[in-house]
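Chains as they are written, first to last, in this note's numbering: chain A, 1 to 681; chain B, 1 to 681; chain C, 1 to 681.
Hints are not guaranteed to be accurate.
[Said to hold, decoys possible] Taking lysine to any residue and the SDA-like style, the derived pairs with C-alpha atoms no more than 25 Å apart in a straight line are:
#1 LYS435(A) - ASP284(C)
#2 LYS294(B) - GLY177(C)
#3 LYS92(A) - GLY209(B)
#4 LYS294(C) - ASP534(A)
#5 LYS92(C) - ALA181(A)
#6 LYS132(B) - THR196(C)
#7 LYS391(C) - SER644(C)
#8 LYS537(C) - ASP284(B)
#9 LYS244(A) - ASP64(A)
#10 LYS512(B) - THR362(A)
#11 LYS512(B) - GLY575(B)
#12 LYS294(A) - LYS392(B)
#13 LYS392(B) - GLU527(C)
#14 LYS132(C) - ILE105(C)
#15 LYS175(C) - GLU266(C)
#16 LYS92(A) - TYR17(B)
#17 LYS465(C) - ARG205(C)
#18 LYS512(B) - ARG27(A)
#19 LYS512(C) - TYR17(B)
#20 LYS28(B) - ARG381(B)
#21 LYS631(C) - GLN403(C)
#22 LYS93(B) - THR196(C)
#23 LYS92(C) - LYS244(A)
#24 LYS92(B) - ILE105(C)
#25 LYS92(C) - VAL170(A)
#26 LYS93(B) - ARG205(C)
#27 LYS92(B) - GLY177(C)
#28 LYS93(A) - ILE102(B)
#29 LYS93(C) - ASP199(A)
#30 LYS465(C) - PRO613(C)
#31 LYS588(A) - VAL564(A)
#32 LYS92(A) - ARG106(B)
#33 LYS599(C) - ILE102(B)
#34 LYS512(A) - ARG378(C)
It is worth saying that the hints were derived from the structure and are not from the lab.
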Amino acid sequence: MRAILNGERLVLGTCYYPEHWPENMWRKDLDRMLASGIEVIRIAEFAWSKIELTEGVFNYDFFDRFLDIVEQTDMKVIFCTPTATPPAWLTKKYPEVLNCDIDGIRYNHGMRRHYNYNSPVYRQLCARIVEKSAAHYAGRRCIIGWQLDNEFNCELDVFYSESDSAAFRVFLEEKYGTLEALNEAWGTVFWNQTYTAWDEICVPRKTPGYVANPHQMLDYFRFVSASARSFAKAQSDIIRRYAKPDDFITTNGMFGNLDNHQMTAESLDFYTYDSYPNFAFCLDVYRDEPESLKDRGWSRNLSEVRSISPAFGIMEQQSGANGSNAGMEAPTPRPGQMTLWTMQSIAHGADFVSYFRWRTSTIGSEIYWHGILDYSGRENRRLRELCDIHKKISCINQIAGSQYEAQTAILTDYDNIWDKQADAWHRRIDDPSRKAFFAAAQRSHTPLDYVFLGHADLEKLRQYKVLIYPHMTIVTKEQADLLTKYVEQGGTLVIGCRSGYKDSSGRCVMEKLPGLLSPLTGTDIPEYSFIAPDAGKVTVSWDGTEFEAEVFADLLAPVGGGEVEGTYTSDYYAGTPALIRKNSGAGKTYYYGSAWNEKSARIFLEKLGAASPFADLAKVPAGCELAVRRKGDKRYLFVLNYESTPAVFTLYKRGTDLYTGKTVTGDITLEGYGTAVIAIE
Amino acid sequence: MRAILNGERLVLGTCYYPEHWPENMWRKDLDRMLASGIEVIRIAEFAWSKIELTEGVFNYDFFDRFLDIVEQTDMKVIFCTPTATPPAWLTKKYPEVLNCDIDGIRYNHGMRRHYNYNSPVYRQLCARIVEKSAAHYAGRRCIIGWQLDNEFNCELDVFYSESDSAAFRVFLEEKYGTLEALNEAWGTVFWNQTYTAWDEICVPRKTPGYVANPHQMLDYFRFVSASARSFAKAQSDIIRRYAKPDDFITTNGMFGNLDNHQMTAESLDFYTYDSYPNFAFCLDVYRDEPESLKDRGWSRNLSEVRSISPAFGIMEQQSGANGSNAGMEAPTPRPGQMTLWTMQSIAHGADFVSYFRWRTSTIGSEIYWHGILDYSGRENRRLRELCDIHKKISCINQIAGSQYEAQTAILTDYDNIWDKQADAWHRRIDDPSRKAFFAAAQRSHTPLDYVFLGHADLEKLRQYKVLIYPHMTIVTKEQADLLTKYVEQGGTLVIGCRSGYKDSSGRCVMEKLPGLLSPLTGTDIPEYSFIAPDAGKVTVSWDGTEFEAEVFADLLAPVGGGEVEGTYTSDYYAGTPALIRKNSGAGKTYYYGSAWNEKSARIFLEKLGAASPFADLAKVPAGCELAVRRKGDKRYLFVLNYESTPAVFTLYKRGTDLYTGKTVTGDITLEGYGTAVIAIE
Amino acid sequence: MRAILNGERLVLGTCYYPEHWPENMWRKDLDRMLASGIEVIRIAEFAWSKIELTEGVFNYDFFDRFLDIVEQTDMKVIFCTPTATPPAWLTKKYPEVLNCDIDGIRYNHGMRRHYNYNSPVYRQLCARIVEKSAAHYAGRRCIIGWQLDNEFNCELDVFYSESDSAAFRVFLEEKYGTLEALNEAWGTVFWNQTYTAWDEICVPRKTPGYVANPHQMLDYFRFVSASARSFAKAQSDIIRRYAKPDDFITTNGMFGNLDNHQMTAESLDFYTYDSYPNFAFCLDVYRDEPESLKDRGWSRNLSEVRSISPAFGIMEQQSGANGSNAGMEAPTPRPGQMTLWTMQSIAHGADFVSYFRWRTSTIGSEIYWHGILDYSGRENRRLRELCDIHKKISCINQIAGSQYEAQTAILTDYDNIWDKQADAWHRRIDDPSRKAFFAAAQRSHTPLDYVFLGHADLEKLRQYKVLIYPHMTIVTKEQADLLTKYVEQGGTLVIGCRSGYKDSSGRCVMEKLPGLLSPLTGTDIPEYSFIAPDAGKVTVSWDGTEFEAEVFADLLAPVGGGEVEGTYTSDYYAGTPALIRKNSGAGKTYYYGSAWNEKSARIFLEKLGAASPFADLAKVPAGCELAVRRKGDKRYLFVLNYESTPAVFTLYKRGTDLYTGKTVTGDITLEGYGTAVIAIE
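Starting from the given sequences, assemble the full structure and let the hints guide the process.
What follows is the structure in structure tokens.
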């Protein structure tokens, strides 16, 4: 079976824990799943002890019995490596496999991800159980794929064990060759940090105030990513040697300090995402802020996942209240929300949606992480909603393999993401600008892609009419050249303040700012400042349109062909250029000296002609998301209502409501949390 | 002397530290105490070094001299074991006696309770000094009783030393016998926590996010309680072998993770409480919230203490500003408050009240924990107030031995208390409901008892017309049977949402909810949810009375004789049953699908006829507490004014104002912070 | 060259890091500095590895080359000892030199000040490099002075390594001689802390709640100060043996737990301060509070520095945005602010101002700690402002050597400062009162000095008409005698609540309060209390003037000549004396029973005739600071406008505007952030 992500049809799955339930329930559960439209189950991701209860003694009886029963049905299986939770005997015997906090204090057995990726003995023990399991099960008929570990870098994405320091040194020696090169890259002459022997170097541990060298931190985040990637690849390489040719390898994310693009390229057939939009409604975090996108904000995550893996799945899709005994308190999804969130995933490109989870666990820290069924397993509202989803899915199967359609993309790259983690000034501008563009795009119905430089070539960039890099702090020569070509060939590029002032080590450049971006942007920055907190509103005028500058002010001057488009109109820099445009070849670049709020982001999208590209197709209220998937000439319009109250949108063309098969046009009403998928010819 | 707690009369005491003061002050202090009405002093609870300054060398000269002087007077003494503060030589030589934090980092000498209960060497050293002291002093004429340690589980009620892990394993092996049974009870199959050797098990230490197995935590809290109890019992057993027959053993509380009922049954003659209502007014915690009960809230603690030990004392009663150099900042009690708080203790059943403390210490962390006298020891307002209290006490001596009168009780039990500590969902509903019932009862003048299941039999339960278990998460068969008998014999039982879904290991049950409570309540719960934080007010209608549901919504359905009394009137579950009544035998049970706020708690008390049982006796303003103690046919009415302004209450019968001996009826005025005790024939 | 701080003229400097920049930039940088008015550079404070890259191998080539180039110009140099940042090889080989947190966890290499002052091996290694460098460079012509280490006690001013505990024992043994004396001073009988061997004593480490013996903490802070002082003196003693006779030794501050007065007396020629008023505008800390003094608040620090070292310099004067990658986010100084803050320093007595720093570093944690020049080194607005400052400085050179003129002083002393750190009750009153007096003095244009008892004799005190010790918790006999003499000889002394209740060990006294201050103040305190948080406003009436009591209420009674001047007019102590005056000899003492807010502080200044001593000279708006420096008969009036908008002040006499040389009188307008220096004959 290769229906998953081959564009043939949409597939539903669920997560199942045979080890949690009496064996005599298994067959009944499988039959009920199949009756509800579930075709695939994921199993065994925390089951190390079910296989190797005693060191070196491997026993597959348990899963043999389970898979035998599975194979009495049409159910298909994704089998997991169990390495996210080492057994108690392992961490007791080999405490060096445990991760530590930044103070060097060990995490203990009892939760998840308490291990480190770099312990040689853990690497060996993992390789052995992966190989044993792959050898034992790879040929099983019901198995269609493998999941590596579970949620790499979830819970913890920083590692401070001795094994990590040792591996960090190896990583650095490979990267730099000499200590001289490392000292130069890290600027260790500052505060007398100069290293004179490799073993003086550690991961960035406790210091006064936990202040660490930012260049070391940037390399450290790269190292954490490389550690996770190599841990994944070791498993993937083993499984590939055993797996049936059509079987896939995947893992589920998406978590920090990990280049998921690179990991997917190296080790996976496709990437899967765990989508829990209900996190927005947890009692302990909910804030009643009208500007918040709440569950709709998960569309941003889905857009980023799409950039990792154009064909992607949802390995864990919310199907009940999420929660933990330790502090997460979410309501049960309301009638319609499970469907809404499923359609959100599909609208953004998922062709496989697997619900977490069939049954709610009666034990452990996740007794409140509800599945479709509650503790008793009785039939319930959510199971009925699943059946309805299955019916809808069956109606829209033709969209499988279609692509999400966006003409505008937000640029990013891992180096800048990680630099931001080590840099409060970078965070202070980048977080609001990214939030602003996403919100402005959502509310103006401007589909957005996220494009990661380093994982995108010129051809990829040229798919977009407009590219926006809000704050490109670190810029490399390759990136500057690539962006220049994009512009010269007709693209429109927008760059915000604080760009181009760091090199790839996170060191500030001594060229005039914005450094490597100066020629492309036609911009010089003689002076810059955070907007003083006592300054009040600082405004910018662009062709008579006024909006508010946000957080920072690069005070600009045009150079080499730059033309002033906007100026500051307040504070001591009133009259100073705030926005410079430079035409290059067939395209143009805008350098904006500030960060964005939602209003200014909306103005940029509109002025650049990027906003509302489907305005001729439909008029959709701000409370609904509009998404379009395209296959060849065919467009599939998704309208998703995140409000509890009904919404009316207007379809300007004729289309087919795929749920009903009826032709529709004009005003169409969605109930609260309602969705529509309309095929446009 | 056995006047303490034998119902003969009320007794006043104080806490004294002879080791803090020059010896030539002792006699004068004792004489001044006696002149002020103090009959008993507690001494020596932090005086290990005064007895065993060098390991194994016991010297009683100091306390011999002090007790010789005491015996020149009529003062009586409660002598303490000194184990709350091990000496410096001890923790230096045997660092394994020190407690650790959850990260495994040791607490050091210099504060209190830095030891653990399970270190074998500490057990030995404690047993030796307790035995030596008991042997030396038990026969002393002036000694009337013994206090074990001081405030068990104060400061720290969690323990993470190696000794604790070792003892935890023994505790578990005794409880479970086999690892299979433990693995089953703890659900260790979840997240691969399965244990294959006893020494893999530890107390729940640092993990990522400090998330721990909730079933392990439940056993851990039981273990902490058992450790403290056995530590206490070891001392009590020794003292019993030496003490004079009439002398009592007690200890002072009340702190967490300790089954005080069981400890009292095993080791004490009665329990004493340390009452500091002035904590409500600390500058660093005070919030100006009109709904807060402030110092009046201590009545809840006193009610819980009453359930531990029907005859109880106050070992430390506030007599000055409380405070610490480290951060606690309280004002001095205003004129009248010392009396008010004393009468609050007595109203709730205390027959012995010992003030903390005679003199304010001039040294150490408690220089701001004021006693009756300030640093200089000069005569002052509080000493004058003590003399006035003594006069009042002499007037009301007849109430000694009378019982607090309540017809309604709130149920609880230790397993659910501890489960709540490990469970954010449990806390989120239980805390507001308990607060709501207490506040509603206080303001409607509905005296409440607290009844701990596991420490109360059917006869005890039948004393109450109405029993309320707000949220009985864990339910055992024995408990369900007991409550069923209570109802069948005519009782009214109220149960709130989220009941019956866990077993005694804290695992969720697979029966339909509310599990074991379903037959008694006539209730089924097909669905449930936290009230979504964006839902606005969710209302319930009960026979036309509307009130607001709180935090959670069990969506109910009647089964097996249940009858719908109330329904939700908002959100997607409008029209769904919210309150079901089932009659059983002579009584009835109510299952309410939500948690309570003060308003809904008041409505329940009123609708069930529990509110204001003394409304025919007196009409008391909401700002005053009404309490009644009864001895035979005689009722003693306490009215306590917690406001700074005068209050008027109306007595509908004739009574005797015990302070004045005059007959009173009709409107009676209390000054700000004023109290009245009226005997009703 | 001895122009620095010899009263000849004002000198400008900057901080330079030759090790950060290519050698071919050095000469150009030096020339640009000189052209901008910079005469002195500070170098080498973090350059250990540039000299001793390998243990024991000293190489001065780098700084030799730099100083050779310096000596081709007129630039002068302050050379630093590099001990604030030990090299990686050192902390790796000798981890005992590292400081620990209170839990005993080591800080690691990578930041600053991760070492402890007491490690014997660190002391040796520091002594060696200081001696080698002094020997090598002392004779250098361009060197005019030395800076010890950098910012002692910055980042961390508490130390918990094993070396610190060992040294603490030595410190205590020297202080107390016997354990008996120590146990008495520390009140160790409280909570059984008694020590029976010296090695049982440690620095105050982790305990439950981190509560520690306050008397031990007081000695601990003294010990930290002594440790830093002796660390400084060891270096100073070495340098003195080598330095040229005219060369000075200094260090830069000002940080906690350090008796800077004593250190200056022992080891320095004068003290320098690092002045960063822009901290007030960091985005992460700024609060829009109209009563806040913001950058103007730095005048308080400058006043305290003036008390340490009447002739002082600014070693680091803000010249750009301050910031850190780890969380500090400040705007760039606005046009004029760099001048404003420079003149603020000079107005308060600085004759040397050295800007931090010439170039903004492109590497490390301080890439956002901007210097005059940005990363590129291009000419910019701040460099232009420096040139303008230089012009202004040249015009006002005559003020060098003049003294700041204040007739009122706030008293303090290190023991009370450190006691406050260990005592929440002390902090709660002292912090607002000190803030209130400073704000009231600023806004009423009442120049203030700070006088540290223990570092000031009677002659010093007699310089002031009014002395205010807001809350003199600890009082010694010597202090009481000194203050009595001050009053008897005509001074006016104001003392606030909570004074005189502790001895020099921080133990409470048993005399009637205010203890040793009772005779001088004519005051008795029969009762006291925090003002209850539910009390509302508590008012005081002084001769018909009403104001609000703050935080605390000592309820007073006059004794021995005291006369009631003010009484409480609310709460239960309405009518009780709140303010008592006693005349002694030619002077008088006021004891006020509460703490101060800005309004009551202003009333005190006014009623005592201390407010606005220069009211006959000029009328200055509240938003401007007025300061006067005097040399002989000549007064230099500084008016500093901290607002962004213009301000007008009125000069009642004729004077010379030193910037312009013109005679001025009457209304004078300052632009936003503008300054004026006017010589009055």
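Hints, verified against the model:
1. LYS435(A) - ASP284(C): Between LYS435(A) and ASP284(C) the Cα gap is close to 19 Å, so the pair holds against 25 Å.
2. LYS294(B) - GLY177(C): violated (49 Å)
3. LYS92(A) - GLY209(B): Cα-Cα ~20 Å, so holds.
4. LYS294(C) - ASP534(A): holds (11 Å)
5. LYS92(C) - ALA181(A): holds (21 Å)
6. LYS132(B) - THR196(C): Holds - the C-alpha atoms of THR196(C) and LYS132(B) are around 21 Å apart, at most 25 Å.
7. LYS391(C) - SER644(C): holds (23 Å)
8. LYS537(C) - ASP284(B): Holds, at roughly 18 Å.
9. LYS244(A) - ASP64(A): holds (18 Å)
10. LYS512(B) - THR362(A): The hint holds at about 13 Å.
11. LYS512(B) - GLY575(B): Distance ~21 Å between LYS512(B) and GLY575(B) Cα, so the pair holds.
12. LYS294(A) - LYS392(B): violated (62 Å)
13. LYS392(B) - GLU527(C): Given that 25 Å is the threshold and the Cα spacing comes to 24 Å, the pair holds.
14. LYS132(C) - ILE105(C): Judged against 25 Å, a Cα distance of about 33 Å means the pair is violated.
15. LYS175(C) - GLU266(C): Holds. LYS175(C) to GLU266(C) sits at ~19 Å (cutoff 25 Å).
16. LYS92(A) - TYR17(B): The given pair, whose Cα atoms are some 48 Å apart, is violated under the 25 Å limit.
17. LYS465(C) - ARG205(C): violated (45 Å)
18. LYS512(B) - ARG27(A): Holds. LYS512(B) to ARG27(A) sits at ~21 Å (cutoff 25 Å).
19. LYS512(C) - TYR17(B): holds (21 Å)
20. LYS28(B) - ARG381(B): holds (19 Å)
21. LYS631(C) - GLN403(C): holds (6 Å)
22. LYS93(B) - THR196(C): holds (12 Å)
23. LYS92(C) - LYS244(A): With a Cα-Cα distance of about 51 Å, the restraint between LYS92(C) and LYS244(A) is violated, given a limit of 25 Å.
24. LYS92(B) - ILE105(C): Cα-Cα ~19 Å, so holds.
25. LYS92(C) - VAL170(A): This hinted pair holds, its Cα atoms lying about 18 Å apart.
26. LYS93(B) - ARG205(C): holds (17 Å)
27. LYS92(B) - GLY177(C): holds (21 Å)
28. LYS93(A) - ILE102(B): Holds, at roughly 21 Å.
29. LYS93(C) - ASP199(A): holds (11 Å)
30. LYS465(C) - PRO613(C): With Cα atoms ~11 Å apart, LYS465(C) and PRO613(C) stay inside 25 Å; holds.
31. LYS588(A) - VAL564(A): Holds - the C-alpha atoms of VAL564(A) and LYS588(A) are around 13 Å apart, at most 25 Å.
32. LYS92(A) - ARG106(B): Holds - the C-alpha atoms of ARG106(B) and LYS92(A) are around 21 Å apart, at most 25 Å.
33. LYS599(C) - ILE102(B): The hint is violated at about 48 Å.
34. LYS512(A) - ARG378(C): The given pair, whose Cα atoms are some 8 Å apart, holds under the 25 Å limit.
Consistency note: the structure conflicts with the earlier hints numbered 2, 12, 14, 16, 17, 23, 33.
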